[in-house]
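Asker: Each chain, letter by letter, is given below.
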Amino acid sequence: MSQVFHEIEKKIISVLKIELKLTPEKLEKLTLLSPDQVRRGIEWLKHKELAIVDASTNVEYSLGKNGLESFQRGLPEKRLLDLIKNNPKDISDLQKELGSVFGPAMGLAKKNDWIDAKENKIYLKNYPSNLPGEKSLKQIGEGITSETQLDKADLASLLKRPNFLVENIVKTKKISLTKTGQSLDVTSPGSGAIDVEAKVPDVFVARTHPLKDTIDEIREIFVTLGFTEILGNMTQPSFWNFDALFTPQDHPARELQDTFYLDGISSKEIGTPEQIRKVSESHKKNWRYFWDINEAQRMVLRTHTTCVTIKHLAENKSDEARIFSLGRVFRNEKVSYKHLVEFNQIEGVVVGKDASLRNLMGIQREFYKRIGITKIKFWPTFFPYTEPSLQTMVYNERLGKWIELFGMGIFRPEVTKPLGITKPVLAWGGGIERIAMLKYGLDDVREFYNNNLNWLRNVTKCQ
Amino acid sequence: MPVVTLSYSRLQKLVGKVSKKQISELLPFLGLDIESEDKNSVRVEYSPNRPDYSTDIGIALGLQGLLGIKTGALKLNVRKSNRFTINVKSGVSKIRPFITGIVATNGKIDQELLEQIIQMQEDLHMGIGRKRKKSSIGIHDLDSCSFPLTYTTTTRIAKFIPLKSTQESSISEILENLDVGREYGHILGNSGQVPILIDSNGNTVSFPPIINAAKTTVTTKTKNLFIEVTGINKEDAEDMLSVVATILQSARFTLEHVKISGAKNSSPKLVQRKISINPTVINQMLGLNLKSSQIISSLKKSRLDASSKGKNIVCTIPAYRFDIFGPMDLVEETALGYGIQNLEPTLSPSQTLGQISPISSQLKSLSQIMIGLGYLEALNSSLTSKRVLYDMTNRNSNKIISVLDSKSQEHTILRDSILPGLLENLSRNIHESYPQKLFETGTIFLKNNIIDEKTNLAAVCAHKEANFSEIKSILQAALKIGFNLEIETRTSSHETFQEGKMASILVHGKTIGMIGEINSNTIENYKIRVPVVGFEINLSGLIFD
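Residue numbers (our numbering), protein chains in the order written: chain A, 51 to 513; chain B, 34 to 578.
None of these hints come from the bench; they were simulated from the model.
Quick reminder that beta carbons are idealized off the backbone N, C-alpha and C, glycines included.
Be a bit skeptical, because a hint or two may be false.
Unchecked claim - Short, incomplete list of chain B residues facing chain A, as computed with Cβ under 8 Å:
1. Leu59
2. Phe62
3. Ser381
Model the full assembly from the supplied sequences, consistent with the hints where possible.
Answerer: Here it is in structure tokens:
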């Protein structure tokens, strides 16, 4: 146990060493501390076994309405006895004289055989030397008296009477020092030290959102790998989100149940006439259906950030480029621990004559290495706009299983040719929340958007 | 994505010499994702572009290739025959113009095969059939159909006994009372005429794309099958037929030709295609240096045929591989046959200089400043609800941008402001210690000509002593330190804020946002027990375009 004391503790100990046993109220007066400081100080000393708190319950009495009247005019039975002390009196006269206390006075006097009644007259039989209750009545008077100072038997007679006494239960605490406490010297030179081992209050840091931290980390990794960030709108014409990416207009991914369409909003300016013509021709030739420009004009919440990069490539037609786009994407899903309707995605492309599938895999491996994932493998998969297509599987030690992360591939000629892109384009992308979940050990993706202060204030920043 | 359940013992029988472990390890390299697995079976998810993987028979073909047990393309052997013909009447042209078909004889159908076939049919309908709209299949007991058949139209009062029933129903009754009728009836439109396939005795064989007749039901006793596919386009119908034909031939049926004519219909060809590719392209795309012979052997492992022709490789693609459009698809087939696991990742040094977007970088600086001022960063969805955006704050809701058919009540409207979300966040944290100070930067959406996307900053501060001057100090400091901007505040009013305790914010005389004490009604609506102050400003047009 540390022998370093808080200023409050020191003041309490100093006073108790002289006064020995005090109530908190007395301690407040003698130490000049606030009630709250005294309360805390007592708690600390008690916890350190330096002080003892004796709690006791005491009953105090003051006089009620009838008690006060009796105190001023005498007990009813005394008043009755006094009236007939010298001569018997008529009952009616006594009633008039005593009013409401006549009944109780008569009852008591009869019961104790102090009086006699004959032909409507009351006679004194004997005058008692002391009346039960009178002593207590006088003791209490107009003040407050503790039960311990009163004669129990005498008090009992007052307690039976209505509105004579007001009972007040008082809990009192008395504080004293234990032997160890008594032996302390809180005025010694070392006593300026503070309790460095004591607990201190929690404070919370202001911080960036944990998911933002992951987003920033990923953004920086790609910048250091030579990629330039581009931004684009979250609301997009279907043309860039789907048609330009060779997704036929009757593809299930384009249905209302998978994609969010904006109610009644279409864009008239979806691309250049040449882009529109060539994209529609590619669809007609390969998918064999009637391509409808109205369908391409319908505005959607982008389902991937690929629409941003493909539009950039179509507008710039670079021979060499490394670009990426990062931001919110949307899917019409039921929200669950696995799925959100809105999440973040990163998507990047490499344009160049040397672009190859192995290079694409190399970029992925390097990226995962930099976020601390080394156990990865590649599996084939399918995307409408890339060929060949792969997905990365990463091993998660905590879950003991392989998890699918980024998808990737080489843009199909059916995508690039109509848009005038002549060099091969490597593309990859995937959700960021999944990576953040692995990083923060979360099993419920919704936690990122709950803004639960308990989590935000306490989750470890660097993981 | 569709899922198919595979029994290991059946797969082993179909593939040849292979262990369960080998199968389980190889499935992903066919592009099949393992959903779940137990001792006897495995459930895999396959891409809808490979409908041949809707059965274990199709998957077994792929596994045989990768294992080298059987390689090269599977050639369809369709016996020429004049026994089976379908005549098409012109009435169908405007409703469902095309029919194609094939006969498969001398097979054995056990319960497992029957289940696989039904599964395949369902998946084909959902996937390439586009919920039966584009094309749909009927599989019949050949011996219950009396050829020649006629594909024609009939009225909605025509009657027959539909599959799984013992009673006659009219077309109208089928469309109204049966699940399939209600689900797919819309494909036929409102015409009084519907397509019907009838046999030479006048018995209904099927009512495409809704339901078959009970008479032709396939059971485990069926030996010979008749398959018809109807659709709105000839090529798609034949594509679908080619998958079924391939699977049935692999299940040891003998295929026999069906002759089709009339109203622009013709007999199915189910021909192989040839695509020529330069090996250099394959090597460039994959980053490999394979010899032609290695490429050919890889393509064969992907169950295609290939041979050298001069400098090029000519690849023969069976009809059921209509997912292959051109040379790039052959690059992938080569990679799969070669084995993705054999491709070693390489990192070519970057010739480009990376750069963060200026907007991202400014938003990051702004976040750092807000954090320095003691504010915690929150993140909310841009797609939120009317309750959060308008009802709880009594904000004017006449320019709502909503999405169609959202599956989630809480995500139906694009936010036009960030502040309401932050107030909602406070309401969910009333049991956490105060002060609570939150900020968020993000996109808001405004209905204009189409949609304007702008970037905003909003902050809230909640505690017993929170007041106007505190939040004004914060905003003032943030914009001064961050961008050397001075703010002015002018008395204003807005439903989000308390009358008399709010202001509009101006920079260089232009209004950029609002600041003040949050309206007590909103605070009450959210059961927050302390005063809340806050602001929201447009960053677009202020610190970037």
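Asker: Measuring from the C-beta of B/Phe62 to each C-beta in chain A, is the shortest one below 8 Å?
Answerer: Status holds, d = 6 Å.
Asker: Hey, does the B/Ser381 contact hint survive, CB to chain A under 8 Å?
Answerer: holds (5 Å)
Asker: Per the CB criterion, is B/Leu59 less than 8 Å away from chain A?
Answerer: violated (11 Å)
Hint check: a violation occurs at hint 1 only; the rest are consistent with the structure.
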